[in-house]
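S.K.: The listed protein sequences correspond, in order, to chains Z and P. Numbered according to the working numbering, the first sequence spans residues 146 to 307. Numbered according to the working numbering, the second sequence spans residues 2 to 290.
A few of these clues could be false.
[Said to hold, decoys possible] Covered stretches of chain Z, as calculated for chain P (at least 3 residues, CB under 8 Å):
hint, region
1, 247 to 255
2, 263 to 276
[Stated by the list, open to error] Computed list of lysine to any residue pairs in SDA-like fashion (alpha-carbon distance at most 20 Å, straight line):
hint, chain 1, residue 1, chain 2, residue 2
3, P, Lys259, Z, Leu300
4, P, Lys259, Z, Leu218
5, P, Lys259, Z, Ser209
6, P, Lys259, Z, Thr245
7, P, Lys144, P, Ala130
8, P, Lys259, Z, Gly199
9, P, Lys97, P, Lys259
10, P, Lys259, Z, Val186
11, P, Lys97, P, Ala130
12, P, Lys259, Z, Gly233
13, P, Lys259, Z, Gly151
14, P, Lys259, Z, Ala283
15, P, Lys259, Z, Glu262
16, P, Lys259, Z, Ser167
[Claimed, not checked] Label pairs and their computed distance ranges (CB to CB):
hint, chain 1, residue 1, chain 2, residue 2, range
17, Z, Ala215, P, Glu45, 16 to 24 Å
18, Z, Leu205, P, Glu196, 50 to 58 Å
19, P, Glu39, Z, Pro163, 26 to 34 Å
I should point out that these hints are in silico values taken from the structure, not numbers from a laboratory. For every residue, glycine included, the Cβ atom is placed at its ideal position computed from N, Cα and C.
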Amino acid sequence: MLASGGFESTQRVIASGPVVESSESGARGLGIAYWQAASQVTRGSVRAGWTDDGGRLTLLGGASLLSFGAPELAFSGEIVSCRYAIQGGLLALRAGGSVTLAQRHADEEVELRVTVEEYVPRLAARLRAPGWTGALYAKAQSPLHAAVSRRYFELLASRASA
Amino acid sequence: MKVTVFGATGVVGRALLPLLTSDHELVAVSRSDHVREEGVRWLEGDAGSAADVARAVDGADVVYYLVHSLGRRDFERQDRVAAENVAAVCEDARVKQIVYLGGLGDDEPAASPHLRSRRETGQRLSAGAVPVTTLRAAMIVGKGSAAFETIVALVDRLPAMITPSWVSTPTQPIGLNDVCRYLAGVCGLQPAFGESFDAGGPEVMTYRRMMERIAVLRGRRPWIVEVPVLTPRLSSLWLHLVTPVGASVARPLIEGLKSPTIAREERLRTLVPFEPTSFDVAARSAFEG
Numbered sequence: 146m147l148a149s150g151g152f153e154s155t156q157r158v159i160a161s162g163p164v165v166e167s168s169e170s171g172a173r174g175l176g177i178a179y180w181q182a183a184s185q186v187t188r189g190s191v192r193a194g195w196t197d198d199g200g201r202l203t204l205l206g207g208a209s210l211l212s213f214g215a216p217e218l219a220f221s222g223e224i225v226s227c228r229y230a231i232q233g234g235l236l237a238l239r240a241g242g243s244v245t246l247a248q249r250h251a252d253e254e255v256e257l258r259v260t261v262e263e264y265v266p267r268l269a270a271r272l273r274a275p276g277w278t279g280a281l282y283a284k285a286q287s288p289l290h291a292a293v294s295r296r297y298f299e300l301l302a303s304r305a306s307a
Numbered sequence: 002m003k004v005t006v007f008g009a010t011g012v013v014g015r016a017l018l019p020l021l022t023s024d025h026e027l028v029a030v031s032r033s034d035h036v037r038e039e040g041v042r043w044l045e046g047d048a049g050s051a052a053d054v055a056r057a058v059d060g061a062d063v064v065y066y067l068v069h070s071l072g073r074r075d076f077e078r079q080d081r082v083a084a085e086n087v088a089a090v091c092e093d094a095r096v097k098q099i100v101y102l103g104g105l106g107d108d109e110p111a112a113s114p115h116l117r118s119r120r121e122t123g124q125r126l127s128a129g130a131v132p133v134t135t136l137r138a139a140m141i142v143g144k145g146s147a148a149f150e151t152i153v154a155l156v157d158r159l160p161a162m163i164t165p166s167w168v169s170t171p172t173q174p175i176g177l178n179d180v181c182r183y184l185a186g187v188c189g190l191q192p193a194f195g196e197s198f199d200a201g202g203p204e205v206m207t208y209r210r211m212m213e214r215i216a217v218l219r220g221r222r223p224w225i226v227e228v229p230v231l232t233p234r235l236s237s238l239w240l241h242l243v244t245p246v247g248a249s250v251a252r253p254l255i256e257g258l259k260s261p262t263i264a265r266e267e268r269l270r271t272l273v274p275f276e277p278t279s280f281d282v283a284a285r286s287a288f289e290g
């Protein structure tokens, strides 16, 4: 947890080779795979919806849990990434922060990474508040995020090997 | 080269033939009636019949496989049988390349029966010794394309639409002419042998956005409300009622709309380079077509 009240987290795995190509399509594919992973882990109860200006995760297609800006796609020789700015939703206390899905190719190693930066979860304990006030975040949302990232890595790996 | 096209009277087949006639000796095969064209030798035949296929591919260098049985009760089995048959006969006839048009999104774990069938067809074709070039496309924007015509009919006929959640699924539609240019471009192209390519259009959009873009082109302003409760079955019955597409075709199509159909790579753009057609231009061309 940062002094600003924002949260940061990173999950990463080392892959045996690139899972997407270095192109706009490859970068976009990282983003879409992540939302598919969210839907799969929650067995469809959390659904991803896209708009031209971004997307949102909804509960059963209704309440907006998180909304995102348009994907910011980047691809150079080494890094392919898709960054979504967090714009709001029930699980965000305020707009701000981002989710970045990236593939980094360096030397013989390919690293896949999910990075959340400066996200302020509504369910987390506030600064100087008792720890138990953030139990829902610590016991539910945070583990769910980790599970989604795991599924995301699995999805990418299975596609790469197909 | 001698080229045989199965599914030659389909939407893609009809548009592909003129691109091949100037450079190749063409045999066009179809189950249904057809209009005779100069430079094309027509054969009536079924891809599920070994005798018909043997007659059609005799001496062929390249075989285009543009057949599907969507709309039939057991389309998955029929497509599987036909693909196995064509793969085996092409191997015996020493065909050098099979070109297959599959579907984007067909490798998703939750792919619909229609998309699964497209994938399985590709696998059955590839099971033989003849190298297969697979092009995977999302919705084809062209006159006669079932998915595109369905969306157009919805926009044209309904002033207000209560739509299921699939309208928020992203897709990458491609113009009919563009997909045919890609198909013609890989004909006999050695680097494409045994490869699979994503054939995406130049724009990624949701189906909702597509409806809005079509509405602008048609001079309409439909009111679209998205609800989470419409099942594929209800949606397909609804489409059956308000569009020219029958429920047997609409249902597998709608089930496929739940999965994003986005290109994951762009190698084809390098291999067969040309300026892709925008959605609006392709749609206008379909309306005029």
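S.K.: Determine for every hint whether it applies to the structure shown.
M.R.: Consistency of the hints with the structure:
Counting residues of the region 247 to 255 of chain Z whose beta carbon lies closer than 8 Å to any beta carbon of chain P gives 0, which falls below the threshold of three, so the coverage claim is violated. Remark: the region 263 to 276 of chain Z is not confirmed as covered by chain P, as 0 of its residues place a Cβ nearer than 8 Å to a Cβ of that chain, below the required three. Between P/Lys259 and Z/Leu300, the direct Cα distance comes to roughly 17 Å. Compliance with the 20 Å bound is thereby established for this hinted pair. At roughly 23 Å between alpha-carbon atoms, P/Lys259 and Z/Leu218 are farther apart than 20 Å, so this suggested pair is violated.
Proposed proximity of P/Lys259 and Z/Ser209 is supported: the alpha carbons are some 19 Å apart, at most 20 Å. With a C-alpha separation of about 24 Å, the suggested pairing of P/Lys259 with Z/Thr245 is violated against the 20 Å cut-off. Restraint check for P/Lys144 and P/Ala130: not satisfied, since their Cα atoms lie roughly 35 Å apart, outside the 20 Å limit. Restraint check: the Cα-Cα separation between P/Lys259 and Z/Gly199 comes to about 18 Å, which is no more than 20 Å; the hinted pair holds.
At roughly 36 Å between alpha-carbon atoms, P/Lys97 and P/Lys259 are farther apart than 20 Å, so this suggested pair is violated. Under the criterion of a C-alpha separation no larger than 20 Å, the hint pairing P/Lys259 with Z/Val186 is consistent with the structure, at around 16 Å. Proximity of P/Lys97 to P/Ala130 is assessed by CA-CA distance (about 9 Å); at most 20 Å being required, the pair is judged to hold. Between P/Lys259 and Z/Gly233 the CA atoms are separated by roughly 25 Å; this puts the pair beyond 20 Å, and the hint is violated.
Restraint check for P/Lys259 and Z/Gly151: not satisfied, since their Cα atoms lie roughly 34 Å apart, outside the 20 Å limit. Distance hint between P/Lys259 and Z/Ala283 is unfulfilled; the C-alpha atoms sit about 32 Å from each other, more than 20 Å. A C-alpha spacing of about 30 Å is found between P/Lys259 and Z/Glu262, which places the hinted pair above 20 Å, so the restraint is violated. The hinted pair formed by P/Lys259 and Z/Ser167 fails the criterion: a straight-line CA distance of about 26 Å is larger than 20 Å.
The hinted window of 16 to 24 Å between Z/Ala215 and P/Glu45 is violated, with their beta carbons roughly 50 Å apart. The hinted window of 50 to 58 Å between Z/Leu205 and P/Glu196 is violated, with their beta carbons roughly 41 Å apart. Checked against the given bound of 26 to 34 Å, the beta carbons of P/Glu39 and Z/Pro163, roughly 48 Å apart, lie outside it.
The structure shown violates the earlier hints numbered 1, 2, 4, 6, 7, 9, 12, 13, 14, 15, 16, 17, 18, 19.
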